[in-house]
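Number of protein chains: 2
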Amino acid sequence: MADASWTSSAKSLKGVILDLCGVLYDSGEDGGTPIPGSVEAVKRLKASDLKLRFCTNETQASRDRFVAKLQRMGFDISVCEVFSPAPAAVAVLQDRGLRPHLLVYDGLLPEFDSVDKTNPNCVVIGDAAEQFSYQNLNDAFRVLIGLEKPVLFSLGKGRYYKETDGLNLDVGPYMKALEYACDVEAEVIGKPSAAFFHSVLHDMGLEPHEVLMIGDDLVNDVGGAQRCGMKGLQVRTGKYRPSDEKHPSVTADGTVDDLAQAVDLMLEERGGASLTSCWGRAGGETGDSLTQ
Amino acid sequence: MADASWTSSAKSLKGVILDLCGVLYDSGEDGGTPIPGSVEAVKRLKASDLKLRFCTNETQASRDRFVAKLQRMGFDISVCEVFSPAPAAVAVLQDRGLRPHLLVYDGLLPEFDSVDKTNPNCVVIGDAAEQFSYQNLNDAFRVLIGLEKPVLFSLGKGRYYKETDGLNLDVGPYMKALEYACDVEAEVIGKPSAAFFHSVLHDMGLEPHEVLMIGDDLVNDVGGAQRCGMKGLQVRTGKYRPSDEKHPSVTADGTVDDLAQAVDLMLEERGGASLTSCWGRAGGETGDSLTQ
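For the record, the sequence lines run as chains A and B. First residue of the first sequence? That's 99 in my numbering, and the numbers climb one at a time after it. First residue of the second sequence? That's 99 in my numbering, and the numbers climb one at a time after it.
Each hint should be verified, as a subset may be incorrect.
Note that identical chains are pooled: a pair holds if it fits in a single copy or bridges any two copies.
As the list claims (entries may be wrong) - Straight-line alpha carbon distances no greater than 16 Å define the calculated EDC-like cross-link-like pairs of lysine to aspartate or glutamate that follow:
{"id": "1", "residue 1": "Lys215", "residue 2": "Asp193"}
{"id": "2", "residue 1": "Lys260", "residue 2": "Asp237"}
{"id": "3", "residue 1": "Lys260", "residue 2": "Asp214"}
{"id": "4", "residue 1": "Lys344", "residue 2": "Glu283"}
{"id": "5", "residue 1": "Lys144", "residue 2": "Asp174"}
{"id": "6", "residue 1": "Lys112", "residue 2": "Glu305"}
{"id": "7", "residue 1": "Lys141", "residue 2": "Glu127"}
{"id": "8", "residue 1": "Lys167", "residue 2": "Asp342"}
{"id": "9", "residue 1": "Lys141", "residue 2": "Asp214"}
{"id": "10", "residue 1": "Lys149", "residue 2": "Glu261"}
{"id": "11", "residue 1": "Lys344", "residue 2": "Glu246"}
{"id": "12", "residue 1": "Lys141", "residue 2": "Asp124"}
For the record, the hints were derived by calculation from the structure and aren't laboratory data.
Let the sequences and hints guide you as you build the complete structure.
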């Protein structure tokens with residue numbers, strides 16, 4: 099069972115980390131659609147005294163590109179506030195002197211411009227979507243199986259995500275495919291890796307117990323944050339499924355309809371009635387649909 | 099360590115089961131090439147007093163088709179001697195009243211002609227090779243994730259196989275991808291499933307200890323057979339890799355260079371010198387390269 103502590107602990111929070119896809123917007127062929135109320139919710143968080151960062155496993159586009167897309171949707175967001183796996187992977191590769199074979203979406207390739215990719219001695223896999231052809235997966239497999247000690251990095255390990263036309267396979271299933279084919283365990287870069295969350299906390303200058311993670315992915319957003327000592331809140335948008343609320347191993351600190359409701363409840367608890375009235379919502383109205 | 103019992107126990111054998119791809123032939127774009135000596139080795143087995151069956155996880159073509167291909171290569175083989183996963187899957191589907199969504203190679207579809215595929219309530223995955231596009235895997239995923247209790251059948255669970263141009267991903271990695279995406283465990287039909295091996299033994303009318311399985315896949319051929327009580331011999335052709343001989347959990351009862359050598363050693367042990375001389379090999383010559 100979720101405990102009821104997240105709203106009552108909202109007063110002691112000093113920062114919030116937001117997932118992007120499924121929390122701010124739903125992705126789709128047209129570039130995606132903002133989730134109702136989320137543009138305003140981000141504005142309100144920015145106007146509050148809470149520190150705000152964005153933490154995503156987005157690997158279909160370079161950070162510059164997808165931040166620009168979010169800005170076009172109306173979000174107040176800048177590149178330096180966003181943590182994504184590709185820049186973290188580049189740092190790891192350079193640190194360990196590794197040369198990757200890349201199985202990633204074409205849009206992500208610019209992130210790896212600075213990396214030596216000749217004579218690869220590892221594989222980096224991201225959400226390549228329709229570029230996950232048999233040929234491309236097999237090429238990555240052949241690189242790995244040809245190495246004396248295969249090294250596989252996976253940019254996240256999500257199972258699937260929601261686009262406007264339905265659920266789509268994420269990078270995780272393909273990571274599992276290569277793990278099985280080569281009898282190797284991937285190193286995950288991105289959520290739910292503790293190293294990845296800690297890099298965000300370090301940038302915020304905050305301790306885990308001072309920060310709330312809000313995401314649509316129960317295991318990778320909520321569970322990952324909780325394992326780092328943060329609180330984790332799930333929204334009923336994006337890839338949320340009702341069965342998440344009965345998950346055998348991960349229980350969110352709270353579940354809300356959407357980001358707007360999360361921000362309403364949090365800022366009400368911290369700031370009182372004036373914020374509530376400015377958004378025209380009574381506390382009871384939003385509280386009724388809240389699962390804690 | 100392998101024990102040295104397989105040749106000494108050859109006298110008590112009553113039957114042999116042969117894998118096809120990697121033992122009789124190497125597959126490839128041109129339909130494949132017989133492995134040197136294997137056509138003759140099958141002939142010698144057929145002329146012996148040993149019962150012979152073929153057991154394959156081949157799922158790229160219907161049984162009629164790939165048996166015809168083997169006949170064109172010169173092999174003495176008929177459909178009724180060959181056990182493959184698709185006919186076994188059809189029996190399971192009909193027994194349990196299940197309607198499959200098929201993610202299989204086009205060439206395998208005729209095997210499922212008799213099966214109701216409307217409004218699917220399970221997924222059957224085979225080695226779809228280049229038809230393992232993102233779209234096709236995602237379609238299968240959406241069927242599974244939409245079921246209250248996802249049911250996934252996998253025709254084998256091989257990691258990869260060898261074609262003339264190199265190693266290629268088999269069905270197993272894609273099975274693992276769907277298992278992870280939907281948090282479900284696949285039911286494997288084909289090697290190394292004990293039910294599958296037992297159906298072959300039943301057809302032979304023999305007990306497990308009376309039968310030797312010869313394959314190139316250490317885990318699925320050799321390990322699967324051993325778990326059923328048979329002896330398992332690995333050939334150094336097909337997908338064999340030197341590291342197989344140091345595998346942490348599966349140790350073949352013997353390892354030979356190829357099927358021809360296996361048959362030489364076995365029939366020598368059973369029949370004495372005349373067979374050896376007729377094949378122009380001295381026991382010592384072949385024995386030197388045998389790992390037991």
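Against the structure, the hints come out as follows:
1. For the identical chains of this complex, Lys215 and Asp193 are intra-copy neighbours only, at 15 Å inside a copy versus 52 Å across copies, given an alpha-carbon limit of 16 Å.
2. With identical chains, the CA atoms of Lys260 and Asp237 are at most 16 Å apart between copies only, with a shortest distance of 14 Å across copies and 28 Å within one.
3. For the homomeric pair Lys260 and Asp214, neither the shortest alpha-carbon distance inside one copy (34 Å) nor that between copies (30 Å) is at most 16 Å.
4. With identical chains, the CA atoms of Lys344 and Glu283 are never at most 16 Å apart, being 28 Å at best within one copy and 19 Å at best between copies.
5. For the homomeric pair Lys144 and Asp174, the shortest alpha-carbon distance inside one copy (8 Å) is at most 16 Å, but the shortest distance between copies (77 Å) is not.
6. In the homo-oligomer, the alpha carbons of Lys112 and Glu305 lie at most 16 Å apart inside one protomer (9 Å), although the nearest pairing across protomers, at 70 Å, exceeds that limit.
7. Proximity of Lys141 to Glu127 under the C-alpha cut-off of 16 Å is found in neither arrangement, the shortest distances being 26 Å within a copy and 58 Å between copies.
8. For the homomeric pair Lys167 and Asp342, neither the shortest alpha-carbon distance inside one copy (29 Å) nor that between copies (50 Å) is at most 16 Å.
9. In this homomeric assembly, Lys141 and Asp214 never come within 16 Å of each other (Cα to Cα): the closest approach is 40 Å inside a single copy and 54 Å across copies.
10. In this homomeric assembly, Lys149 and Glu261 never come within 16 Å of each other (Cα to Cα): the closest approach is 29 Å inside a single copy and 56 Å across copies.
11. For the homomeric pair Lys344 and Glu246, the shortest alpha-carbon distance between copies (14 Å) is at most 16 Å, but the shortest distance inside one copy (43 Å) is not.
12. Taking the shortest Cα distances, Lys141 and Asp124 never come within 16 Å of each other, neither inside one copy (18 Å) nor across copies (63 Å).
The structure does not agree with the numbered hints 3, 4, 7, 8, 9, 10 and 12 stated previously, though it agrees with the rest.
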